[in-house]
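Engineer: Here's the letter readout for the chains.
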Amino acid sequence: MGNKLARRVKYIVRVILAYVVALLFLAPILWMVASSFKKRIDIIVSPPKIFFNPTILNYHNIFHWSAQETKWGLTYPILRYYGNSLIVSIIAIGIALLLGIMAAYSLSRFKSKKREQIGIWILSTIMAPPIVFAIPYFMIARTLGLFDSYTILIIASITISLPFTIWMMKSFFDDVPKELEEAAYIDGCSSLQAFLRISLPLAKPGIAATLILSFIIVWNDLVFPLTLTADRAKTLPAAVQGFLGWTQTFYGMMAATGVLAIIPVIVIALIAGKSLISGLTLGAVKG
Amino acid sequence: MRRSKTLEKDRRVIEIYFLIPPIIILACITIYPFIYAVVMSFKNLIFGKYVFVGLANYRHLIVGGRFAHSLYITMVFTSIAVVVEVILGMLIALLYSEELPGISILRMLLILPMVTTPIVVAMVFRQFIYPPDFGLLNYFFDLIRLPMLKLKWHCSIRTALISLVLVDVWQMTPFPFLVFLAGLKTLPKEPYEAASIDGASPRRKFFYITLPLLRRVIMVVIVFRIIGCFKAFDIFYGITGGGPGLATENLSVYIYLQTFKYNRIGMASTASIVTMFITFFLIFVIYKGILGWRGKS
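So the protein lines, in turn, are chains U and E.
According to this note's numbering, the stretch in the first sequence is residues 2 to 288, in order.
According to this note's numbering, the stretch in the second sequence is residues 8 to 304, in order.
Worth flagging that the hints you see were computed from the coordinates, not collected in a lab.
Please note: incorrect hints may appear among the correct ones.
[To be verified] A short list of chain E residues far from chain U (calculated; beta carbon distances all over 10 Å):
hint : residue
1    : Val20
2    : Ala75
3    : Met82
[Unchecked claim] Taking lysine-lysine and the DSSO-like style, the derived pairs with C-alpha atoms no more than 27 Å apart in a straight line are:
hint : chain 1 : residue 1 : chain 2 : residue 2
4    : E       : Lys157    : U       : Lys50
5    : U       : Lys40     : U       : Lys50
6    : E       : Lys295    : U       : Lys115
7    : E       : Lys192    : U       : Lys275
8    : U       : Lys11     : E       : Lys159
9    : U       : Lys179    : U       : Lys112
10   : E       : Lys159    : U       : Lys50
11   : E       : Lys295    : U       : Lys40
12   : U       : Lys50     : U       : Lys114
13   : U       : Lys5      : E       : Lys16
14   : E       : Lys295    : U       : Lys114
15   : E       : Lys212    : U       : Lys115
16   : E       : Lys196    : E       : Lys212
17   : U       : Lys179    : U       : Lys205
18   : E       : Lys295    : U       : Lys112
19   : U       : Lys115    : U       : Lys179
20   : U       : Lys112    : E       : Lys192
21   : E       : Lys192    : U       : Lys205
22   : E       : Lys212    : U       : Lys5
23   : U       : Lys275    : E       : Lys196
24   : U       : Lys11     : E       : Lys192
25   : U       : Lys205    : U       : Lys275
26   : U       : Lys179    : E       : Lys16
27   : E       : Lys159    : U       : Lys40
28   : E       : Lys268    : E       : Lys56
29   : E       : Lys16     : U       : Lys114
30   : E       : Lys16     : U       : Lys11
Backbone N, C-alpha and C define an ideal beta-carbon position, used for all residues, glycine too.
Produce the complete structure using the sequences and hints provided.
Structural biologist: As structure tokens, then:
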């Protein structure tokens, strides 16, 4: 009897603990969402206000500022930054996916010492801090007159997304059994046909996971937009800190921009969570 | 015979032509900047012109001490963050591996910190969580009656680095958690049943069955997190920008500040090259370590 009670208590403690952990991990995001609906007076107050009168003033201001110059002399074309983020991410992951699948398939199907060295080189470009590439890119962009253009930002973003795609897709192709392709050769398929009709369709879940992950990585990237753009090609992550003024900080608008910046990735994570998790755990669990 | 020859030729399409274009493009966009940085590391801006100065930048990098300090900060940050994240991730994975009401939704929600834009996270912590006077964290410690934990967080030299570690732990612990959760699901049941018959306590089961079985997974997670922490820039730049003083100036922030604050491209390039070689060294250690370890088991 006492044993049963103890087990029951243990179970309840577990449930409470699980929910507390989840709350702790979500609290900063929820707090930002709440702050984006607060007036300035409700944000800078001690103790912080959990309950408050919500207002959409911050969101209104962001879009209003994007339309015209304000009395602070600050323009903030958020819709353009949003568009820039989308254009750069989509083009960079598209090119990386096309090239990455080809390289990954070849690396997965043929092994040699030289190919292993190529693998290590790809791994080292994944591992190197992106700022290491950003400084030469900054200089090159300035001498070529490409500073603050889509071209240089997309090229720089491919240095992140291409090695990542190759590396992810290779482990997905490693999982596609070779026997299926060999069966296709016997039936008279060329190797290109075998790739297009068998391996590629079988790796579809892998492609989905790779697409999602590389979109998140490129969308979230700060280093390249920060170093390679000033305004025209600026992306949303580089714009978030724009509200950190010398004289005052626009807390509410910063929170609102943050919310807008993370909506795409959060929505993708919630819709395609399964695919995302499979991509994230793939390398580690099977290796 | 002839058929196999055409097949051989046919296979080379995949072997060679699939690999060459991506590799050439990757080489252009990664090796060219690298070479550019190597050239710039031998030059300095003197009276508006880049002049060849030999190894002066390298000498300055080593003698100056600021680069070494940033390397030290990177190492401290990485070691604390990785240990905390792996242990915490394992604990949460154990907690979440059991069937509790609504657990699948909770598992899903725990991914969110990881996908949130790091610079947004940095701004949230800097402006809403850490401020000593109206921040959420100090209010939280007030609520649970732990006033001695009411610190100045990112504003003080003594706690700035720990504050950044805390942000990284908040954001990246979901990664070890997810991987360990997936790893726990793949474990065989038999050893546990056998251990139960022998009357082993849950703790002993964890240390003598679960940990050894997950050893490989844990290794891989540690490697991934070392890479992630080594590259960290966004939260450093966003929350403290390297300050106060030099308390949180890691490698990436050092390179960034050399370029955009002090306008010393030569020094920044030199630091980039050295960082690149540190990366190669790390890769070598990790690669050899994991390979050697794989060979043994």
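Engineer: Indicate, hint by hint, whether the structure satisfies it.
Structural biologist: Hint-by-hint comparison with the structure:
no.: 1; hint: Val20; result: violated, 6 Å
no.: 2; hint: Ala75; result: holds, 17 Å
no.: 3; hint: Met82; result: holds, 14 Å
no.: 4; hint: Lys157(E) <-> Lys50(U); result: holds, 18 Å
no.: 5; hint: Lys40(U) <-> Lys50(U); result: holds, 11 Å
no.: 6; hint: Lys295(E) <-> Lys115(U); result: holds, 17 Å
no.: 7; hint: Lys192(E) <-> Lys275(U); result: holds, 15 Å
no.: 8; hint: Lys11(U) <-> Lys159(E); result: violated, 37 Å
no.: 9; hint: Lys179(U) <-> Lys112(U); result: holds, 13 Å
no.: 10; hint: Lys159(E) <-> Lys50(U); result: holds, 20 Å
no.: 11; hint: Lys295(E) <-> Lys40(U); result: violated, 56 Å
no.: 12; hint: Lys50(U) <-> Lys114(U); result: violated, 62 Å
no.: 13; hint: Lys5(U) <-> Lys16(E); result: violated, 71 Å
no.: 14; hint: Lys295(E) <-> Lys114(U); result: holds, 15 Å
no.: 15; hint: Lys212(E) <-> Lys115(U); result: violated, 44 Å
no.: 16; hint: Lys196(E) <-> Lys212(E); result: holds, 12 Å
no.: 17; hint: Lys179(U) <-> Lys205(U); result: holds, 16 Å
no.: 18; hint: Lys295(E) <-> Lys112(U); result: holds, 19 Å
no.: 19; hint: Lys115(U) <-> Lys179(U); result: holds, 21 Å
no.: 20; hint: Lys112(U) <-> Lys192(E); result: violated, 31 Å
no.: 21; hint: Lys192(E) <-> Lys205(U); result: holds, 24 Å
no.: 22; hint: Lys212(E) <-> Lys5(U); result: holds, 22 Å
no.: 23; hint: Lys275(U) <-> Lys196(E); result: holds, 24 Å
no.: 24; hint: Lys11(U) <-> Lys192(E); result: holds, 22 Å
no.: 25; hint: Lys205(U) <-> Lys275(U); result: holds, 14 Å
no.: 26; hint: Lys179(U) <-> Lys16(E); result: holds, 18 Å
no.: 27; hint: Lys159(E) <-> Lys40(U); result: holds, 25 Å
no.: 28; hint: Lys268(E) <-> Lys56(E); result: holds, 18 Å
no.: 29; hint: Lys16(E) <-> Lys114(U); result: holds, 21 Å
no.: 30; hint: Lys16(E) <-> Lys11(U); result: violated, 66 Å
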